[in-house]
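Given the coordinates of chain A, work out where chain B should sit on it, guided by the hints.
Chains as they are written, first to last, in numbering that gives the first Met the number 0: chain A, 0 to 214; chain B, 0 to 81.
Derived from the structure by calculation, the hints contain no laboratory data. Each statement offered as a hint is correct.
Computed spacing ranges between beta-carbons, pair by pair:
#1 B/7 to A/35: 34 to 42 angstroms
#2 A/108 to B/46: 41 to 49 angstroms
#3 B/35 to A/14: 39 to 47 angstroms
#4 A/105 to B/34: 14 to 22 angstroms
#5 A/209 to B/18: 46 to 54 angstroms
#6 A/35 to B/46: 34 to 42 angstroms
#7 B/1 to A/105: 30 to 38 angstroms
#8 B/11 to A/107: 24 to 32 angstroms
#9 A/18 to B/47: 42 to 50 angstroms
For clarity, every value in this text was computed on a predicted model and none was experimentally measured. Just so it is clear, CB atoms sit at the ideal spot from N, CA and C, and this is done for glycine as well.
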Amino acid sequence: MKFGVIRFPGSCDDVDALRAAERVGDAVMLWHRDRDLQGVDAVIVPGGFSYGDYLRAGAIARFAPVMEEVIEFARDGGLVLGICNGFQVLCEAGLLPGALLRNTSLRFVFRQVALDVADHDTAFTRSCPERLSIPVKHTTGRYYTPEPVHVVLRYAPGENPNGSQDDIAGVVNETGNVFGLMPHPEHAVDPLTGSTDGLRIFESIKAHVGDLVKA
Amino acid sequence: MRARILVRPKAGILDPQGQAVERALPALGFTGASHVHVGRLIELDVEDPADLPSMCERLLVNPLIEDYEIIEAIPAEGVPTV
Numbered sequence: 000m001k002f003g004v005i006r007f008p009g010s011c012d013d014v015d016a017l018r019a020a021e022r023v024g025d026a027v028m029l030w031h032r033d034r035d036l037q038g039v040d041a042v043i044v045p046g047g048f049s050y051g052d053y054l055r056a057g058a059i060a061r062f063a064p065v066m067e068e069v070i071e072f073a074r075d076g077g078l079v080l081g082i083c084n085g086f087q088v089l090c091e092a093g094l095l096p097g098a099l100l101r102n103t104s105l106r107f108v109f110r111q112v113a114l115d116v117a118d119h120d121t122a123f124t125r126s127c128p129e130r131l132s133i134p135v136k137h138t139t140g141r142y143y144t145p146e147p148v149h150v151v152l153r154y155a156p157g158e159n160p161n162g163s164q165d166d167i168a169g170v171v172n173e174t175g176n177v178f179g180l181m182p183h184p185e186h187a188v189d190p191l192t193g194s195t196d197g198l199r200i201f202e203s204i205k206a207h208v209g210d211l212v213k214a
Numbered sequence: 000m001r002a003r004i005l006v007r008p009k010a011g012i013l014d015p016q017g018q019a020v021e022r023a024l025p026a027l028g029f030t031g032a033s034h035v036h037v038g039r040l041i042e043l044d045v046e047d048p049a050d051l052p053s054m055c056e057r058l059l060v061n062p063l064i065e066d067y068e069i070i071e072a073i074p075a076e077g078v079p080t081v
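With the rest of the complex left out, here is chain B:
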């Protein structure tokens, strides 16, 4: 299985990266963007998708400061890898 894991800064924890991006957008003329947050995308092939939550809790994510979402788990066959 090919899986993608979205990792986000936990709600309520100050996200200075998101703030910096939010401040930069108007400088390019893009007004109206708000609530910007910067996280991480982890992409992997995995034999047993049932392992994914445990992988996240033990290594890929620090649950104290980050939330995660397994956004896609599709067959690896025929899927172009980056």
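Excised from the complex, chain A in its bound form:
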């Protein structure tokens, strides 16, 4: 199983995402100007401040050459995981419904949060327990959608760090192959930092890809 992690100018969680992916499989870094996804099984759009977050978070990154390939990859059913800024990019690209707005508090939040897995029957959560402990760190994480969405992760009661609609922390698209979430599973893969729950998401992807290969 091979992950590809996209590096935009301004990405900052790309290396952590690569290291996390390497714990469950192979992983390569993909440059934003690349048009070759190098045959990866899953694409990770990492956190950070792609293109400086100018205009709106994710608004410029969605037009990067590599994103054209990612959009096509997703349309063909490829697995795409967007974390934090990556979630914002996927929403701006129209691969996921909704948008991310400034936190209600207008403050940067950085803390461990408890997440309830609302749906275990997805490619991204099949190996997850009922509840995950994973950090968030963002200023623009208040999810908003005017239409019904497929919710995969919710902030546990009382844990919503940003005013997100219906406590939504992560959603998948209609076909279930594109997943975006504000919390950072790549920062929760080593006991040193308090939780390894983030690994469950990478393991879910690996298990799903493994089943596809067997099928």
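What follows is chain B alone, placed relative to chain A:
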């Protein structure tokens, strides 16, 4: 053409920036200000103003969360640029 595009948070979506400003004004003695909203001004020279709506829909604005208004489209000639 010189154009100005006003971008506003869509009505009905919580605007914490507007709320924060609204709460700050009375602290300076300005009572009586309400319905404060904070948006963005995008200013540009454009050869064909007919392109503006498409520019807005595709990049300058996220229509899901923002409304826009093209408030001015005047000849660039003789207009001081900031």
